[in-house]
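Work the whole structure out from these sequences, hints included.
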Amino acid sequence: SRTPRAKYMRVLTALLAAQRPQCRHGGARLALSFGESRALDGQLSKLCAAGADHMSGFFDQRTDSFAITPGAPRLSVTTSAFALLALDADPWAWTDGPAPVTVLSALLAAEWRANDPFQAALVVVSERLLDPAAAALASSPASQAKFALAVETILAARPRRRAGRNQRESAYMRYWTARASTLLLNPDAAVNVEECRPGAEAPCQPSLHPSIPAAALPAAKAAGGGEGGGEGGGGGGPE
24 SRTPRAKYMR VLTALLAAQR PQCRHGGARL ALSFGESRAL DGQLSKLCAA
74 GADHMSGFFD QRTDSFAITP GAPRLSVTTS AFALLALDAD PWAWTDGPAP
124 VTVLSALLAA EWRANDPFQA ALVVVSERLL DPAAAALASS PASQAKFALA
174 VETILAARPR RRAGRNQRES AYMRYWTARA STLLLNPDAA VNVEECRPGA
224 EAPCQPSLHP SIPAAALPAA KAAGGGEGGG EGGGGGGPE
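Count along the sequence shown from 1, then add 23; that gives the number in this note's numbering.
Do not take every clue at face value.
Computed cross-link-like contacts, DMTMM-like style, restricted to lysine to aspartate or glutamate with a CA-CA straight-line distance of at most 25 Å [claimed, not checked]: (1) Lys169 / Glu134; (2) Lys69 / Glu59; (3) Lys169 / Asp113.
Cβ-Cβ distance ranges computed for the label pairs, FRET-style [to be verified]: (4) Arg188 / Pro93: 38 to 44 Å; (5) Asp111 / Met196: 16 to 22 Å; (6) Ala95 / Ala168: 33 to 39 Å; (7) Ala116 / Asn209: 47 to 53 Å; (8) Thr205 / Asp139: 36 to 42 Å; (9) Trp115 / Lys69: 15 to 21 Å; (10) Ala62 / Ala156: 40 to 46 Å; (11) Leu67 / Asp111: 33 to 39 Å; (12) Ser162 / Phe57: 34 to 40 Å; (13) Leu208 / Asp64: 31 to 37 Å; (14) Ala168 / Ser60: 25 to 31 Å; (15) Thr118 / Arg188: 43 to 49 Å.
Because the hints were derived from the structure by calculation, they are not lab data. Every residue, glycine too, gets a C-beta built ideally from N, C-alpha and C.
Here it is, written out as structure tokens:
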């Protein structure tokens, strides 16, 4: 019970058991008192300080991935992706395991669902943060078509102007969609369509990051094309 893994699981259990404080009429007690919230915050601080060390107990060397229960027959996509994001937040603390790009390569080759907006966003965010040069993606031709479908899924899940506040996706999913989209964008791309007109002084830069292999992008994007009118209306502008 004194192992880092056991301590890590106790903190996770406390987090899962904690309920979000809710104000109620009649002076009912909040789910967490100030002291309890302070104690939980202290546990989180300790976890942040030694998170990478604790995570080593969840690494499965057989699959080069992370799992709540190592030894599972299939790679855990969500757990591995969130573990990679944790490592990216404090890369110098991870010293007892393989290079994160090794885990990323295993994740790209795993059976993740490119048509699932959540898994697509997690994989894309992990790939862009851990491997901005896209070397792992370039060295895995078998994963590129799937990655291209994931990019399509993310772009299709963007908020629609016409829906206003009544968006189909939750705020949580819109956050992941926005984060993935931001990491996919090419910062040098033209923001004015006039810059891409025929005869322009400089060739038009692609809208998505040029480090991503063309085979890992939707066909129109790989060719540098615009997004088109789409469901949101209003020409080809953002929604």
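Okay, the hints, checked on the actual structure:
1. Lys169 / Glu134: Status holds; Cα separation ~10 Å.
2. Lys69 / Glu59: At roughly 16 Å apart (the allowed maximum being 25 Å), Glu59 and Lys69 satisfy the hint.
3. Lys169 / Asp113: Since the Cα atoms of Lys169 and Asp113 sit roughly 29 Å apart, the hinted pair is violated (cutoff 25 Å).
4. Arg188 / Pro93: 38 to 44 Å: holds, 43 Å
5. Asp111 / Met196: 16 to 22 Å: Since the Cβ atoms of Asp111 and Met196 sit about 21 Å apart, the hinted range of 16 to 22 Å holds.
6. Ala95 / Ala168: 33 to 39 Å: violated, 26 Å
7. Ala116 / Asn209: 47 to 53 Å: violated, 31 Å
8. Thr205 / Asp139: 36 to 42 Å: Since Thr205 and Asp139 have Cβ atoms about 20 Å apart, the given range 36 to 42 Å is violated.
9. Trp115 / Lys69: 15 to 21 Å: holds, 18 Å
10. Ala62 / Ala156: 40 to 46 Å: About 43 Å separates the Cβ atoms of Ala62 and Ala156, which means 40 to 46 Å holds.
11. Leu67 / Asp111: 33 to 39 Å: With Cβ atoms ~19 Å apart, the hint is violated.
12. Ser162 / Phe57: 34 to 40 Å: violated, 52 Å
13. Leu208 / Asp64: 31 to 37 Å: Once the Cβ atoms are compared, 35 Å apart, the range 31 to 37 Å for Asp64 and Leu208 holds.
14. Ala168 / Ser60: 25 to 31 Å: For Ala168 and Ser60 the Cβ distance comes to about 47 Å; the hint is violated.
15. Thr118 / Arg188: 43 to 49 Å: Holds, at about 46 Å.
Checked against the numbered hints above, the structure breaks hints 3, 6, 7, 8, 11, 12 and 14 and satisfies the rest.
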